[in-house]
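Student: Chains as they are written, first to last, in our numbering: chain A, 11 to 489; chain B, -12 to 246.
Keep in mind the hints are simulated off the structure, nothing from the lab.
Note that the structure is predicted; figures quoted are calculated from it, not measured.
Accuracy of the hints is not assured; some may be wrong.
In silico DSBU-like pairs for lysine-lysine, Cα to Cα no more than 35 Å straight-line [stated by the list, open to error]:
(1) A:110 with B:139
(2) A:295 with B:139
(3) B:-3 with A:36
Just so you have them, the derived chain B footprint on chain A, three or more residues with Cβ under 8 Å [as the list claims (entries may be wrong)]:
(4) 354 to 361
(5) 371 to 384
(6) 397 to 407
Glycine included, C-beta positions come from ideal geometry on N, C-alpha and C.
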Amino acid sequence: MVAGRAGNALHVQALDARAQRLGLYKGQPLANARAMVQGLTILPADDKEDGKLLEQIAEWCDRFTPYVAADPPDGLILDITGAAHLFGGEAAMLTLVTEKITAQGFAVQAAIAGTSSAARALAKFAPGHIAAPGAEAQALARLQVAALNVDGKITAALRRAGLKTIAQVAERQRDELATRFGKSFVAALEILLGQHGQPVSPRRPLPDLMAEQRFAEPVVADDAIAASLLSLAQCLSDVLEKRGLGLRRLRASFFRADGQVRRLALRLGSASRDAERVMRLLREKLDTLADPLDPGFGFDVIRLEVLLTERSEAVVTSFDSNENAKREIQYLADRLCVRHGEARVLRFVPQDTHIPEAQSAAIPAQERDFADAVWPPRRNKNDPPLRPLRLLEKPEEVSAIAAVPDGPPLRFRWRRAPFEVAQAEGPERIAMEWWKNERPTRDYFRVETSEGQRFWLYRDGLYDQGGLVPRWYLHGIFA
Amino acid sequence: MEHNMNNCEKIEELHHFLARYGRTPERPALSLGVAEMDRALGGGIAPGALHEVYAQDWAAGGFAACLAIRAAGARPLFWVRPDYEALEYGALHAQGLAELGGRPENLFLVRTANTAEALAAASDILACAPVGALLLEIGGLPRALDLVASRKLNFAANISGVTAILLREGAEAMPSTAQTRWQVCAAPSSSGKDTWGLPSFSAELTRNRLGPTGHWRVTWSPEDGLFREPAHEQRAPNPGLVAAAVFNRPAEAKRRIAF
């Protein structure tokens, strides 16, 4: 049996059939249980681990329907709308799910109903029941009042009042019940008996489209897995084509026979429904996984889900080499993203700010279309560059000597090397954004050392405002 | 019998392949803008080959960028750098590239976790013919960058025609199969007294598989994307007002950067 702390005392939280036969019950104070039976095996409760286990079971249940919601502390809700026929009808599916979970060593109760609340009540108090559509109220009628899932005090009060079953409660006038047990009780009753039930939110966002293949015998061979993926991709591609859509994000799920689920997310730089392209990327992804896809005893379900679609025109093989080149570059970017991570393949867009380090933003290449990024033209034909090719991520402080406090430096020392300044241009005064933060204004100087190396230095703060000693920073390196 | 046929076909295929490999692909060299330099290089920088730039100071990264801008033209430029590069040598600034005459809208930056991944990304990029140029930045002396890696890069560039530029900072020259090797440091820009000139480099061609070596001083002109010979009036470094040099300066720290 499992005991946990509730209030300030230990109570029985769960117990097996043998303990039940001894007359112990759930919610009993542990001291009472100990007094009744000697030699109990008591394990401490661990809510966190229970939650994790529930998550794992939910993950496993994903193979029946993509719509799985956790119903803590010990329940799962599966929306099997449109999925039951795949398993031979509701009754067959119920047996299958129950058997499979039991086979894994869990005690399980399950029921099917039209609303989540009714299904929950049935599963707890009439396991195995399948309520016909619209007949939930009848199915629930003979259940005890405990199935209302309300506070224990109310349940006890109902019993004292002689209301033993839900049917008896339902017969009563609603305002009578409301005065005695409160409005929330009536609301709970309505939800349970009503047509809508409590809203349920799935654990994962539901896919727009999904294709899956089930195997009678779990597959292990790479070839078989690849072939299955290709046929699934082809199947998705056909549907997408009919709808005039292309996919941007895809998830592949591999359900192992032993209950483990492995998921891979894939992202495409542009909408596509080319099964071959998707396959190529998937294969790359599989090849570069840090912990390779381990089929173990084999996968029994493989599923592809389309998470994000975009409108996409029919792809005509273009004779325009420019278009083809663009597409090849796009594919290359996708490949690099798969290999190295989306955040590592970057493109730049100009930003509307004068702060040098924020003037261009590096954005993952798959994030958006970069055709609309307009870069300001160069100002003057033969101007030397005014901005450095490389900016230090954090300006580094240098010790500098300047002839006049607000003039350019004459020599400075950076990273332990001394530099003599031969020429300097500046100051270019760049004020920080005072409406965001109060950083001091910077006076930037472009300096060329006696050897011809060029750096971008700035003095932090203005001479007449700042502290006593001007601080110099090196921010960038010119060509 | 059928087996033999297959082998014959395979050998035939390999012959074709080797013939193609042995032949220098007919890709016109890209003029760099300086006549003497072009003569030594046989018309300019060869596309579809590996070129190494060894940096001797901070300016040399700019030289490599200029070569890449020239080679890429209007096509995409892929800049591959392992993460440590940004910490050591600063992050790539797109505006700065634009100021050098590059096209930031065509720039792809690939950041990799380490050198081996950078090399892998480089070979992926070099396999894609529509890419204009690849600039691979590798500092120090990593073990992954050996003769085999260099040969692979050169070979991949050769097949696809993508120009590969390998920027080596903080490194001594090591054996490679590159087409050209440059040792580059900054040169004072020769312009008027109080203004800056265009970026200038002292570029030494220390290895050239197709011709003689040489040493030139060149200026990069962002406007037309070509190198130029520096203007002739030599400018003495403008000392301005100089404070007395620091006494007791360490003997070692000269102009070399502490890489």
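Student: Which of the numbered hints are not met once you compare them with the structure shown?
Tutor: Hints 1 and 3 not satisfied by this model.
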